[in-house]
Amino acid sequence: KAGVTQTPRYLIKTRGQQVTLSCSPISGHRSVSWYQQTPGQGLQFLFEYFSETQRNKGNFPGRFSGRQFSNSRSEMNVSTLELGDSALYLCASSARGGRQYFGAGTRLSVL
Amino acid sequence: ELKVEQNPLFLSMQEGKNYTIYCNYSTTSDRLYWYRQDPGKSLESLFVLLSNGAVKQEGRLMASLDTKARLSTLHITAAVHDLSATYFCAVENANYGGSQGNLIFGKGTKLSVKP
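If you read the sequences in order, they're chains C and B.
Those letters in the first sequence? Residues 1 to 111, per my numbering, in order.
Those letters in the second sequence? Residues 1001 to 1115, per my numbering, in order.
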């Protein structure tokens, strides 16, 4: 069974640009969550999607958004990038009531 | 504010020694997770602890949960170099109706096992 797949693995952008990250969950998993990991703030919850609906949202500005498609694949978008958005972005999927399984992450560098 | 606190944050051990990592949390969540992260890698799920008194063991690692004390421990027995990694505990954010998709993580414990 394939794991959680995140693309791209690495991304370099400049301030002011926008970026879209993709996450394909484990087959059969309908819940997808996104987390941001930085050395200073650690792992922080961004948002969770279930059946194409945003179920929860963390304490991030509106520049961070996401969506989920009917096949459970999810994308997150960050507009007007800032230097502080440089981070490892992790996606996790889970089945109902189950533990979360994480993808390899997308490392975003904002110059 | 919901908090998950781990200690120590850094741990340098000799091979063959035992040690315990502690995870205190402030939410009323009854589920606690332990993850391992190697440098530059993603999070690997180690344990899910679902109820008070739960104990799980895998190899040289054993995790336990005391929901009344809001404390979980990760005990390392006879450490080996391969256990060097960062270990995170996480709890579900009860403010979001117990959704498993919203975890609050501790800062992580960076473990280094030296020969």
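Rather than coming from a laboratory, the hints here were simulated on the basis of the structure.
One should not assume that every hint holds.
Over 10 angstroms on every C-beta distance to chain B, these chain C residues come out as not near it, computed from the model [as the list claims (entries may be wrong)]: (1) Thr7; (2) Pro8; (3) Leu11; (4) Ser22; (5) Ser27; (6) Tyr35; (7) Gly58; (8) Arg67; (9) Ser70; (10) Arg73; (11) Asn77; (12) Thr80; (13) Leu81; (14) Ser86.
Calculated lysine-lysine pairs in the PhoX-like style (CA-CA distance at most 25 angstroms, straight line) [as the list claims (entries may be wrong)]: (15) Lys1003(B) <-> Lys57(C); (16) Lys1068(B) <-> Lys1017(B); (17) Lys1041(B) <-> Lys13(C); (18) Lys1056(B) <-> Lys1017(B); (19) Lys1110(B) <-> Lys1056(B); (20) Lys1107(B) <-> Lys57(C); (21) Lys1041(B) <-> Lys1107(B); (22) Lys1003(B) <-> Lys1056(B); (23) Lys1003(B) <-> Lys1114(B).
According to the in silico footprint, chain C covers these stretches of chain B (three or more CB under 8 angstroms from chain C) [said to hold, decoys possible]: (24) 1043 to 1052; (25) 1105 to 1113.
Cβ coordinates follow ideal geometry from the N, Cα and C atoms, glycine included.
Hint check results:
1. Thr7: Given a closest Cβ separation of 14 angstroms, the condition holds.
2. Pro8: 15 angstroms, holds
3. Leu11: The assertion about leucine 11(C) holds, with a minimum of 15 angstroms to chain B.
4. Ser22: Check passes; 15 angstroms lies beyond 10 angstroms.
5. Ser27: 17 angstroms, holds
6. Tyr35: Check fails; 8 angstroms does not lie beyond 10 angstroms.
7. Gly58: Not fine: 8 angstroms to the nearest Cβ puts glycine 58(C) too close to chain B.
8. Arg67: Answer for arginine 67(C): holds, closest chain B Cβ roughly 15 angstroms.
9. Ser70: Label holds. Min Cβ-Cβ 18 angstroms, cutoff 10 angstroms.
10. Arg73: 15 angstroms, holds
11. Asn77: It holds; asparagine 77(C) is separated from chain B by about 19 angstroms at its closest Cβ, greater than 10 angstroms.
12. Thr80: 25 angstroms, holds
13. Leu81: 22 angstroms, holds
14. Ser86: Answer for serine 86(C): holds, closest chain B Cβ roughly 15 angstroms.
15. Lys1003(B) <-> Lys57(C): 17 angstroms, holds
16. Lys1068(B) <-> Lys1017(B): 29 angstroms, violated
17. Lys1041(B) <-> Lys13(C): 21 angstroms, holds
18. Lys1056(B) <-> Lys1017(B): 20 angstroms, holds
19. Lys1110(B) <-> Lys1056(B): 21 angstroms, holds
20. Lys1107(B) <-> Lys57(C): 20 angstroms, holds
21. Lys1041(B) <-> Lys1107(B): 16 angstroms, holds
22. Lys1003(B) <-> Lys1056(B): 23 angstroms, holds
23. Lys1003(B) <-> Lys1114(B): 31 angstroms, violated
24. 1043 to 1052: holds (count 4)
25. 1105 to 1113: Since three or more residues must qualify, the claim that chain C covers the segment 1105 to 1113 of chain B holds, with 4 doing so at under 8 angstroms.
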